[in-house]
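Visitor: Numbering-wise (the numbering used here), the sequence shown opens with residue 1 and increments by one.
These are computed hints drawn from the structure, not numbers from a lab. Just so you know, even glycine gets a beta-carbon here, dropped at the ideal spot from N, CA and C. Fair warning: there could be bad hints in the mix.
Okay, derived cross-link-like pairs now, DSS-like style, lysine-lysine, Cα gap no bigger than 30 Å in a straight line [unchecked claim]:
#1 156 x 67
#2 156 x 47
#3 150 x 108
#4 47 x 150
#5 108 x 47
Per label pair, the in silico range of CB-to-CB distance [said to hold, decoys possible]:
#6 191 x 242: 23 to 31 Å
#7 149 x 236: 54 to 62 Å
#8 63 x 205: 33 to 41 Å
#9 242 x 163: 37 to 45 Å
#10 233 x 259: 19 to 27 Å
#11 294 x 240: 16 to 24 Å
#12 200 x 301: 33 to 41 Å
#13 178 x 149: 52 to 60 Å
#14 232 x 63: 40 to 48 Å
#15 217 x 303: 23 to 31 Å
#16 283 x 192: 19 to 27 Å
#17 92 x 234: 53 to 61 Å
#18 242 x 118: 46 to 54 Å
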Amino acid sequence: MNHLFMAALALLLSVPQCAGVYAQPAAEQKEDTGEENLAAVEVSPAKVAIRQSINSYVAAFNQADAKALAAHWTENGEMTTPAGRTIVGRLQLEADFADYFSELEGAKLEIIETEIVLISPSAAIETGTARVLVPAQEPRETDYEAVHVKTVAGWKIDNVSEQQAPAAPPSHHQQLRSLEWMIGTWVDQDDDVSVETNCRWTPNRNFLVRSFQVIINDQIDFEGTQVIGWDPSRNAIRSWLFDSDGGFGVGHWTQDDSRWVVRTLSVLPDGRQGSSTHVYEQVDDQTLRFRVIGRQIDGELMPNIDPITITRISDTRIPGTGVPE
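Turn these sequences into a full structure, and let the hints guide you.
Guide: And the structure:
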């Protein structure tokens with residue numbers, strides 16, 4: 001198995017106008033000590049008390065208990081919704097909560113990225129993103145800031161202001177789903193040489209990332225990374241590859257039934273330019289056949305790479321769905 005063979009193989013590689021949007025965390029978050037592996041620092045009693053109040057708020061909301069929910073506010077507490085509507089006073093809040101629960105049965109609340117900052121011994125500011133989950137509806141999110149004050153009856157919410165959470169960035173996941181079968185770890189090996197390719201989604205599923213390693217006698221000889229994404233300017237799937245020797249390349253992907261054809265242009269570490277066509281054929285869910293044709297380096301025709309069979313040894317998708325875990 002020569003170096004060109006190994007390199008080629010590696011390439012196979014939202015919200016209602018009521019306080020119902022104000023969600024609090026369902027579970028207490030850990031205090032950030034700022035350093036790992038150190039003895040636990042003392043947790044602020046005030047923050048502990050505020051988080052207990054927050055958890056109680058969530059429980060009351062998820063039980064659709066408008067009276068108990070309003071009891072978490074000061075007598076003259078205020079809420080301003082993203083639409084600019086302001087609800088003033090505990091009694092009005094209770095009435096609005098009741099209306100909200102009657103209109104949206106089964107609504108549940110979540111909060112993400114919650115932070116509490118003490119600004120005095122008797123006041124604190126909480127920030128986060130609130131998410132409202134209603135059966136058969138898309139989740140609705142708002143960013144919020146809440147002011148908590150310490151009273152004789154404990155910590156209460158005095159003011160909440162909300163604004164619509166920024167829209168999620170556009171996703172090209174749908175355009176790439178036809179390549180989802182590539183997710184997982186694939187291997188081809190003989191007695192001394194092993195080529196391992198791992199493919200995964202980026203967190204926002206806008207790209208597929210494939211990393212590969214060529215291992216000879218238990219030592220990494222060659223490796224690289226390929227990023228596959230949707231190019232909206234060309235309405236096409238494209239890829240960008242960078243290897244450990246300093247070479248790089250781009251590819252244009254098209255589908256032909258069960259086969260994918262990738263036309264590539266590359267720059268070798270010494271500056272020479274190459275081109276080739278890679279053909280991927282999905283034999284079954286765990287087996288892939290790969291070959292390279294039309295190889296050229298600086299205009300000189302090179303031998304084709306005969307079909308190679310690669311096997312998936314690890315699948316990170318949810319069984320039977322094709323969806324990553």
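Visitor: Does 16 to 24 Å hold as the CB distance between residue 294 and residue 240, or does it fail?
Guide: Given range 16 to 24 Å: holds, Cβ gap about 20 Å.
Visitor: Range first: 53 to 61 Å. Now tell me if the beta carbons of residue 92 and residue 234 are that far apart.
Guide: Since residue 92 and residue 234 have Cβ atoms about 55 Å apart, the given range 53 to 61 Å holds.
Visitor: Indicate whether the distance between the beta carbons of residue 242 and residue 163 respects the range 37 to 45 Å.
Guide: 40 Å, holds
Visitor: Would you say the C-beta atoms of residue 283 and residue 192 sit inside 19 to 27 Å of each other?
Guide: 25 Å, holds
Visitor: Quick one: are residue 217 and residue 303 within 23 to 31 Å, going by C-beta?
Guide: Taking Cβ atoms as reference, residue 217 and residue 303 lie about 25 Å apart, which means the hint holds.
Visitor: Does 52 to 60 Å hold as the CB distance between residue 178 and residue 149, or does it fail?
Guide: Given a distance of about 55 Å, which is inside 52 to 60 Å, the answer is holds.
Visitor: Holds or violated: the 23 to 31 Å window for the beta-carbon distance between residue 191 and residue 242?
Guide: 29 Å, holds
Visitor: With respect to the beta-carbon atoms only, verify the hint that residue 233 and residue 259 lie 19 to 27 Å apart.
Guide: With a Cβ separation near 25 Å, residue 233 and residue 259 satisfy 19 to 27 Å, so the hint holds.
Visitor: Take a look at whether the Cβ-Cβ distance between residue 242 and residue 118 falls inside 46 to 54 Å.
Guide: 47 Å, holds
Visitor: Between residue 47 and residue 150, is the straight-line Cα distance small enough, at 30 Å or below?
Guide: Holds - the C-alpha atoms of residue 150 and residue 47 are around 11 Å apart, at most 30 Å.
Visitor: Do the Cβ positions of residue 149 and residue 236 conform to the proposed distance bound of 54 to 62 Å?
Guide: 57 Å, holds
Visitor: Is the straight-line distance between the alpha-carbon of residue 108 and that of residue 47 30 Å or less?
Guide: 24 Å, holds
Every hint from the earlier list agrees with this structure, and none is contradicted.
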